[in-house]
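Using the hints, position chain C against chain X.
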Amino acid sequence: MPHPLETTVTENPAPSGLPTGRIVVLAGGLSHERDVSLRSGRRVAEALRSVGLEVEERDVDSSLLPALLADKPACVVPMLHGETGEDGAIREVLDLVGIPYVGAPPAACRVAFDKPVAKIVAGRAGISTPESVCLPAESFRELGATAVMDLIVERLGLPLMVKPARSGSALGCSVVRSADQLPAAMVSAYAYGTVALLERFVEGTEVAVPVIDTGDGPEALPVVEIRPDGGVYDYSARYTAGSTTFVTPASLSDELTAECQRVALAAHAAFGLRDLSRSDLIVDSEGTVWFLEVNVAPGFTETSTVPLSVQAQGADLGELVASVVAAASRR
Amino acid sequence: MSEISPGGTRGSTRLDHYVDRYAARTEGMKASEVRALFSVASRPEVVSLAGGMPNISDLPLDVVGKGIADLIAHDGPTAMQYGSGQGTPELREQICEVMRLEGIEAHPDDVVVTVGSQQAVDLVTRIFCDPGDVVLCEAPSYLGALGVFRAYEADIVHVEMDADGLVPEALEQAIAATKAAGRTIKFLYTIPNYHNPAGISLSAERRPEILRICREADILILEDNPYGLLGFDGRIHRALRADEPEGVIYLGSFSKTFAPGFRVGWALAPHAVREKLVLAQESATLCPSAFSQMAISRYLENHDWLGQVEAFRTMYKERRDAMVSALEDFMPATCRWNVPTGGFYVWLTLPPGIDAKAMLPRAVTARVAYVPGTAFFADGYGSSSMRLSFCYPTPERIREGVRRLAGVLEAEMELRATFGATGPIPTLRAGEYDAPSNDLS
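Read top to bottom, the protein sequences are chains X and C. Counting in our numbering, the first sequence runs from 952 upward without gaps. Counting in our numbering, the second sequence runs from -13 upward without gaps.
Bound-form chain X, shown alone (with noise of 0.2 Å):
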């Protein structure tokens, strides 16, 4: 039986200086963000189809590895979100396997996916991140919890954003207004991992910005300002289309325009990251540009940001992903 996310499918011929030869696009999983992974996957492979390039789509599952050994791709693209994907496990096999692929080796992935260990890079490399702290539940256990959770409402203030420390799409995230709804979100985030990260709660203007490398050096793309309707960019304001606005280039001087990408292709470097990554920022009202993290595979789905920022570049999405695609492939 043929695998339900296996097909096949050329729409043009491949024009020169593309990739020749079957690009594999990996999406699903089995992380939290498997049902955002597909539609990312589904995104990009379309986009490459469109220009002429052979690609299949696929799952990870226990088929996986015998199909690469058997018939192994021009490139892989791996646009798993969540643990897996972006931790840098699949790159770490695909290393071995020794096919190419697009983005960020599994060093520069593992730190740039754990948020605690990211901002202390972000730190060194003198990129602003806020104020936080990094708990296991087991700290609260041992110590109480009360006890805890105030000194840090005392330390850090309100609001606080509350995360685990591995994860993405904002699962399990909640804005803390009030002492009394922090025990909540700290439940909500060890729902999804083991580690919660508590960060003072930056006020202030939303942004993402794509970093691309074509082969000719990393490249900041436009700046896109995210505007939730709720105010606060969280699963539904991500994934359901009309629940938020998007303004690129964003509404910024070209000062601190120019800063968010200095910024992001500051953070891009200090990872060691390679070909793609997104960069989510805040700017605040004293026009500090705050680092919140770093993405190593960016959601291409119809709502996410990496599309309309090449959008607003004036790129064709299909034949910037190639270009990367292209790029990785001479690894």
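Since the hints were derived computationally from the structure, they do not count as laboratory data. Heads up, some of the hints might be wrong.
Claimed, not checked - To be clear about the criterion: a stretch of chain X counts as covered by chain C if any three or more of its residues have a C-beta under 8 Å from a C-beta of chain C, and this derived list gives those stretches: (1) 1086 to 1097; (2) 1138 to 1145; (3) 1184 to 1194; (4) 1250 to 1262.
Heads up, the beta-carbon is just placed ideally off N, CA and C, and yes, glycines get one too.
Leaving out everything else, chain C in the frame of chain X:
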């Protein structure tokens, strides 16, 4: 459509050109974390105790295939043509025979074939409910029906259940309170047999009571009975419609007794209502699938379909036993669940302070899935309960799923003990069905 302009000109988009034009009833149609988590539940690594898919692997596919081949060979042009909006006369005759098993004497003229009984719920709501009308529902109730009632902007009032089903006194109170508030009750929606999601049945003693209350208050009853033939002891409850032809619209389905893929259900309604249902059906679909109806007719005619239902009962009972046994072995004593005597579902009530919806990501990480109780309430309650389906996974997988769930629950209890009760509504609502103490008797 996007209003983003290339080349540096600032533009904005909401990524939905029609965002300001949707009907108000689409307000709740949003991407949700729970829906995203169910995407993972479809993977084979996950033991899904969430979905209510019938297990049809034991169906005699050779018999079904032969019947369909015969249908195409002898009646293909008719089977693939438009048909009557009311359904084929032959199938409606057969449906009357099926309903006779539950004590219903009906004429085929009063049967309307629908696209699953789900469409029958939709058509009945369409012809009865204006926005703001009240539909009485059990607490909890079938989420697919709640979705229909919401789509027609009806207000849902839940009525208390206990281990014997709908509580007559609570029904009387709900009717009185709703009427006193000047609201119009259009019907009572009830699943009297092997309830989805509560797994319980309305006792024989209460059936005449419920009928009397509704008769006296002039409340129409919508009796939804997809699981009625799936009692594990072979017992078939007498339908409410059997004793109240004019006050009950009865809904049936072949999805659980044969196969859901044909999408064939039906409504049996008083004559005047039936007329409107046919017109509503014609405006909705023109007609139900003639092919599906004729295929089912052949199956009913040429196969020992009741023997197949008996095989289904045996198989589901084995799975029920596997689930109950695993719950006994693995779950903490502070959990409660019922032991269903038929159907697909166990309703499990969690220890105080545990929120089933909040726990779902942890469960999916542990490769087990369930439906949080909040899905079965229109008023946000049900957080301390969950529906566990035993219909689809094998007994071994059910046991493994419950074992994983117990581990998840243990971790969640530890977390809750650390942070205290955090949810806004971790306890049962007034009148919410609370699973009884755990005993197999």
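How does the coverage statement for the region 1138 to 1145 of chain X fare against chain C, requiring three or more residues with Cβ below 8 Å from a Cβ of that chain? holds (count 5)
Do at least three Cβ atoms from the region 1184 to 1194 of chain X come closer than 8 Å to Cβ atoms of chain C? Since three or more residues must qualify, the claim that chain C covers the region 1184 to 1194 of chain X holds, with 8 doing so at under 8 Å.
Check whether three or more residues of the region 1086 to 1097 of chain X sit with their beta carbon closer than 8 Å to a beta carbon of chain C. The restraint on the region 1086 to 1097 of chain X holds, since 4 of its residues have a Cβ under 8 Å from chain C and three suffice.
Check of the region 1250 to 1262 of chain X against chain C for coverage (Cβ-Cβ below 8 Å, three residues minimum): holds (count 4)
In this structure, none of the earlier numbered hints is contradicted; all agree with it.
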